[in-house]
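Line by line, the protein sequences are chains A and B. Residue numbers for the first sequence follow the working numbering, beginning at 12 and rising by one. Residue numbers for the second sequence follow the working numbering, beginning at 40 and rising by one.
Be aware that a few hints might be false.
Said to hold, decoys possible - Calculated pairs, PhoX-like style, for lysine-lysine (alpha carbon to alpha carbon, straight line, at most 25 Å):
id	chain 1	residue 1	chain 2	residue 2
1	B	LYS187	A	LYS13
2	B	LYS237	A	LYS13
3	A	LYS14	B	LYS270
4	B	LYS187	B	LYS93
5	B	LYS191	A	LYS13
6	B	LYS49	A	LYS178
7	B	LYS187	B	LYS216
8	A	LYS14	B	LYS191
9	A	LYS13	B	LYS270
To be verified - Some chain A residues well away from chain B (every beta-carbon gap over 12 Å; in silico):
id	residue
10	ILE77
11	GLY85
12	PHE104
13	LYS107
14	GLY116
15	ILE125
16	VAL129
17	ILE136
18	VAL137
19	ILE166
20	LEU176
21	GLU193
What the hints assert, rightly or not - Heads up, incomplete: computed chain A residues facing chain B, CB under 8 Å, no partners named:
id	residue
22	ALA21
23	ILE23
24	ILE25
25	ALA69
26	ILE132
27	THR174
No wet-lab data here; the hints were simulated from the structure. Please read all numbers here as calculations on a predicted model, not as lab measurements. Beta carbons are placed, not taken as given, at the ideal position from N, Cα and C, and that holds for glycine.
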Amino acid sequence: MKKSDIRSVAAIGIGTALFILLTLAAIPVGFIPNTQLQTRVAFLTFMSAIFGPVVGGAIGFLGHAIADASFYGGVWWSWVIPEGVYGIIIGIFALKFKIEDGGFGLKETVLFNIAQVVANIIAWIVIAPILDIVIYAEPANKVFAQGATSALLNIITVAIIGTILTKAYSKVKSKTSSLSVED
Amino acid sequence: MAKLLTYSEKNTWIHRLCGVTKLIFFILWSVVGMVTYDTRVLGVMLLLSLILFKMSKTDYRQVATIVKVVGFFLLINVIAIYAFSPGQGTKIYNCRTVIFHIIGPYDITKEQLFYEFNVILKYFTVVPIALMFILTTNPSEFAASLNKLGIKYTIGYSIAIALRYIPDVQNDFNEIKLAQEARGIDMSVKVSLPTRLKSMFAIIFPLIFSSLERIDTVSNAMELRGFGKNKRRTWYSEKKFSKSDYLSIIFVILSSVIAIIITFYDGNRFYNPF
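Bound conformation, chain A alone (with noise of 0.2 Å):
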């Protein structure tokens, strides 16, 4: 097993235990139940912009199932999956993204931030109000409302949250091109 590998089973470990703690550091909207600005998404993009699909995919599977049943006493597939969904799609650029290089300048900004705004229409207007369907039959224009507001909500955390904890960690890492390979 490479060094990378290790590291990755921990930090799907670490970060799926933040993850699950950071969900008491959302902030409820209101008038569309089960929406908040969350403080774990920003964290989600985050860990998956450096660790990559699996890690991504990873704790955001695991960390929503275990944070439903630990604080809602039931597991709702029907928004676990898409988050899982979510963590994998942003990880998928995890390279073009040069964090960990400290290479994290204004073009990866916007890719990154393009990246978050696909990944949540696809999770939350699309993957979750289907299943929320099929699963709950649950009426079209209500899960498509509730999808529509927590993508619109994760859009604007993963924006000002995301970007700032992923420019200041970018920032703490020395830049790759400092120095040179010798021949």
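Since the structure of chain A is already known, use the hints to place chain B on it.
Below, chain B alone, put in the same frame as chain A:
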């Protein structure tokens, strides 16, 4: 910070079951709960889950807050369903019995009431089992038993790390919060919401960065101990399958099949009394 629901040690037959048995039970139970909309099936499931919950000797006090939270969430959800689609019940059951009229399209119909009653029932059939699963399963034993299902041990190990580190990360959170408060950050209701939001960042950012360092520390320690060198590993808290494990699994598989057959016997997943 709110208290997280965690494993509490007791000695009942449910506690003694393998983690994997309880996982299979929980997954099948929630899948059947998701598929069926048959009132009779849901009713029986709810009754059974309450009996099992009673058998696990869980104090109601332990879960009272969560039950209230779920209840509140469901209440809003049911109201929202009605607000968005007062005719959903009519659409499903293909008939319309108006009890009384409120305003515009908002009639109270028997079908809508029955549909919303089923929504509530559907949520509540899973709650006792989920609570029981969390309260009666030892996390380390659970991680060990995932391996038995043929799931790669790296995944089981990730889950074990997650459950193991929740209290530690929570401690970090409290320490950082106290430190920031000592520096003059106010998190109480006395300050405005934007200020509280900013204070939240002052806690979350150090928390996330210290967790990233923790990831490096933990993965270094794992590498030093040769994690992942072999295809298989042994587990300290592994349990052997007992007779009650087999019986529980057979029971849940049989009852799932019966529940699905009853549900789809009359053509679709809804039970139509109208």
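Tested hints:
no. : hint                   : verdict
1   : B:LYS187 with A:LYS13  : holds (24 Å)
2   : B:LYS237 with A:LYS13  : violated (40 Å)
3   : A:LYS14 with B:LYS270  : holds (16 Å)
4   : B:LYS187 with B:LYS93  : violated (28 Å)
5   : B:LYS191 with A:LYS13  : holds (16 Å)
6   : B:LYS49 with A:LYS178  : violated (47 Å)
7   : B:LYS187 with B:LYS216 : violated (41 Å)
8   : A:LYS14 with B:LYS191  : holds (17 Å)
9   : A:LYS13 with B:LYS270  : holds (13 Å)
10  : ILE77                  : violated (7 Å)
11  : GLY85                  : violated (5 Å)
12  : PHE104                 : holds (19 Å)
13  : LYS107                 : holds (20 Å)
14  : GLY116                 : holds (20 Å)
15  : ILE125                 : holds (23 Å)
16  : VAL129                 : holds (24 Å)
17  : ILE136                 : holds (16 Å)
18  : VAL137                 : holds (19 Å)
19  : ILE166                 : holds (17 Å)
20  : LEU176                 : violated (7 Å)
21  : GLU193                 : holds (27 Å)
22  : ALA21                  : holds (4 Å)
23  : ILE23                  : holds (4 Å)
24  : ILE25                  : holds (5 Å)
25  : ALA69                  : holds (7 Å)
26  : ILE132                 : violated (21 Å)
27  : THR174                 : violated (13 Å)
Hints 2, 4, 6, 7, 10, 11, 20, 26, 27 from the earlier list are contradicted by this structure; the remaining hints agree with it.
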